[in-house]
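Chemist: With chain A held as given, fit chain E with the ligands onto it using these hints.
Spelled out, the chains give:
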Amino acid sequence: MSAGSGHEWIVRTKGVVKEYTMGGQTLRALKGVDLDVRRGEYISLMGPSGSGKSTLFNMIGGLDKPSEGNVFIDEVDMAQLDAAELAYLRCRRIGYIFQTFNLIPVMTALENVTLPMIFAGVPSDASAEKGMQLLKVVGLGHRYHHKPTELSGGQQQRVAIARSFANDPALILADEPTGNLDGKTGTEIIELLRTMNKDRGVTVISATHDLKMVDVSDRIVYISDGQIERIENREDIKISLGEMHGSGGLAH
Amino acid sequence: MESAQTPNQPGRLIGGAGQRQVQLPLAKAFSIAMQNIRVRFWRSMITAAGVMLGIAFLGATFGQSIIEENTPVKNAQGLSAQQAQIQKEEAKTRQNWLVSMSLIVCTVGIANSMFMSVTERFKEIGTMKCLGALDSFIVTLFLLEAGFLGVIASFIGFAVGFLGGVLMKIFQLGPEALEYLPPLRAIQSLGISVAAGVILTVLATVMPAMKAAKLPAAAALRSEI
Ligand SMILES: Nc1ncnc2c1ncn2[C@@H]1O[C@H](COP(=O)(O)OP(=O)(O)OP(=O)(O)O)[C@@H](O)[C@H]1O
Ligand SMILES: [Mg+2]
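Protein chains in written order, with this note's numbering: chain A, 1 to 252; chain E, 1 to 225.
Don't take each hint at face value.
Facing chain A, a subset of chain E residues (Cβ under 7 Å, in silico) [claimed, not checked]:
| hint | residue |
| --- | --- |
| 1 | L13 |
| 2 | Q19 |
| 3 | R40 |
| 4 | R43 |
| 5 | C130 |
| 6 | G132 |
| 7 | L134 |
| 8 | G147 |
Calculated cross-link-like contacts (lysine-lysine; reagent style DSBU-like; alpha-carbon spacing at most 30 Å) [to be verified]:
| hint | chain 1 | residue 1 | chain 2 | residue 2 |
| --- | --- | --- | --- | --- |
| 9 | A | K136 | E | K211 |
| 10 | A | K184 | A | K198 |
| 11 | A | K65 | E | K123 |
| 12 | A | K130 | E | K211 |
| 13 | A | K147 | A | K136 |
| 14 | A | K212 | A | K198 |
| 15 | A | K212 | A | K31 |
| 16 | A | K147 | E | K123 |
| 17 | E | K28 | E | K214 |
| 18 | E | K214 | E | K123 |
| 19 | A | K136 | A | K184 |
| 20 | A | K14 | E | K28 |
| 21 | E | K92 | A | K147 |
| 22 | A | K136 | E | K28 |
| 23 | A | K14 | A | K198 |
| 24 | A | K14 | A | K136 |
| 25 | A | K212 | A | K136 |
| 26 | A | K184 | E | K123 |
| 27 | E | K123 | A | K130 |
| 28 | E | K211 | A | K147 |
| 29 | A | K147 | E | K28 |
| 30 | E | K211 | E | K123 |
| 31 | A | K31 | E | K28 |
| 32 | A | K198 | A | K136 |
| 33 | A | K31 | A | K14 |
| 34 | A | K136 | A | K65 |
| 35 | E | K211 | A | K65 |
| 36 | E | K88 | A | K31 |
| 37 | A | K130 | A | K147 |
| 38 | A | K31 | A | K65 |
| 39 | E | K214 | A | K65 |
It is worth saying that the hints were derived from the structure and are not from the lab. Just so it is clear, CB atoms sit at the ideal spot from N, CA and C, and this is done for glycine as well.
Only chain A is shown next, with the shape it has when bound in the complex:
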């Protein structure tokens, strides 16, 4: 690590444990996770259902608190942030994308995209202009006045992606962004995220079951039963698969 290593890690988790207690029984959803994420990286969290991906996602995004251990963002312990600092972070520095889209049902596509800007105190005309521009980037400029119920799943997810970029975040957290989409739409969404990552230098951490994600990720973190099983670099996978299939491409 170089002297400027403080600038290299955008997220680090140290011994993160999360326990859920239900009816007197304790379930360890995370059993001590150490994960370091570089700035500008595209990381995929892979693992079977129930392995703890969403739980880890919530810890990194400041949506829940670990039972033990720490999450550092830009080397600052998240536990030290108070409610207003966390809200600031969630509003302007982190963009969230969910498997279930989570758009506000009474608001149009454009209003959904501008809501984080309103929370950030951006004047309405400036936020409307930027909202339209973001909707155009995700290919939905012409559907700006539609409510979520009038949009397809893929279109709703595009709105959610546009919304996650509203305040130019440094980190995008995507929890199974393609989970409810068909293969082709899923690929488009993944490509959109990759483009945003490349063009804007935004760090992307995405939980997924989707093997197509491997194609675009810099690193793949395999989680199983609340622990990191292994971490692979994309180059390594390409090479090993290339050897196996005699070509550079992936079968998926």
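Modeler: Chain E with the ligands in isolation, oriented as in the chain A frame:
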């Protein structure tokens, strides 16, 4: 406040001192609250109907009680002044009891319809927290919505209920029933009913909304009903 904030640096999460979320101006919360009521118009009307029914019941009880209380006891049976007084006291106790009962019925009705309307929006509360809403903003939003619905529904409910109660008395006693309705008492019961309606509506909304706003965002997002 804004000027004290260090500007964001691209690619970095933590920018430095003063990077704290500030409360939105009330006008903004008000416009979002009004939009929520407007867009959910029919859902809002059904919720409001729960409040209206409760307050209408209260208003009807008031209308009847006031007239009954002020109707002179007919001394046809040759009751002594003391007996007449006792009968009047008994009538008053009965009316108080009726008003209390209807207040309880209307509390349960209002609490039920407002609780439901907040619970079905827990996920929305979680989403707003992810987008940077402060807990206090969420509570303000629900307070404004509930206050607005409560005022409108209580006035309409009272008008309908009170008129209904008075009409029933007119059928029973004839037009002179109106002579036993002191305007001051009518206004007083309007005040009590509207205050009860608004307070109950706001409490039944804000208590669950506060609870949901205080939850970690992850928990609010998970709630499915
Ligand atoms: N709020 C909660 N209360 C109780 N248990 C929970 C809660 N959230 C998660 N769990 C449990 O923690 C474990 C990990 O769940 P998590 O949602 O993180 O899995 P996941 O890897 O995201 O799975 P999937 O791929 O199905 O989304 C599961 O056993 C789950 O039942
Ligand atoms: Mg999950």
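Chemist: With reference to the structure, classify each hint as holding or not holding.
Modeler: Quick rundown of the hints versus the structure:
| no. | hint | in the structure |
| --- | --- | --- |
| 1 | L13 | holds (4 Å) |
| 2 | Q19 | holds (5 Å) |
| 3 | R40 | holds (6 Å) |
| 4 | R43 | violated (10 Å) |
| 5 | C130 | holds (5 Å) |
| 6 | G132 | holds (2 Å) |
| 7 | L134 | holds (5 Å) |
| 8 | G147 | violated (19 Å) |
| 9 | A:K136 / E:K211 | violated (38 Å) |
| 10 | A:K184 / A:K198 | holds (21 Å) |
| 11 | A:K65 / E:K123 | holds (19 Å) |
| 12 | A:K130 / E:K211 | violated (34 Å) |
| 13 | A:K147 / A:K136 | holds (16 Å) |
| 14 | A:K212 / A:K198 | holds (17 Å) |
| 15 | A:K212 / A:K31 | holds (28 Å) |
| 16 | A:K147 / E:K123 | holds (17 Å) |
| 17 | E:K28 / E:K214 | holds (21 Å) |
| 18 | E:K214 / E:K123 | holds (13 Å) |
| 19 | A:K136 / A:K184 | holds (20 Å) |
| 20 | A:K14 / E:K28 | violated (40 Å) |
| 21 | E:K92 / A:K147 | violated (55 Å) |
| 22 | A:K136 / E:K28 | holds (26 Å) |
| 23 | A:K14 / A:K198 | holds (28 Å) |
| 24 | A:K14 / A:K136 | violated (39 Å) |
| 25 | A:K212 / A:K136 | holds (25 Å) |
| 26 | A:K184 / E:K123 | holds (28 Å) |
| 27 | E:K123 / A:K130 | holds (26 Å) |
| 28 | E:K211 / A:K147 | holds (28 Å) |
| 29 | A:K147 / E:K28 | holds (21 Å) |
| 30 | E:K211 / E:K123 | holds (13 Å) |
| 31 | A:K31 / E:K28 | violated (43 Å) |
| 32 | A:K198 / A:K136 | holds (18 Å) |
| 33 | A:K31 / A:K14 | holds (11 Å) |
| 34 | A:K136 / A:K65 | violated (36 Å) |
| 35 | E:K211 / A:K65 | holds (17 Å) |
| 36 | E:K88 / A:K31 | violated (74 Å) |
| 37 | A:K130 / A:K147 | holds (19 Å) |
| 38 | A:K31 / A:K65 | holds (14 Å) |
| 39 | E:K214 / A:K65 | holds (13 Å) |
Checked against the numbered hints given earlier, this structure breaks hints 4, 8, 9, 12, 20, 21, 24, 31, 34, 36; the rest are met.
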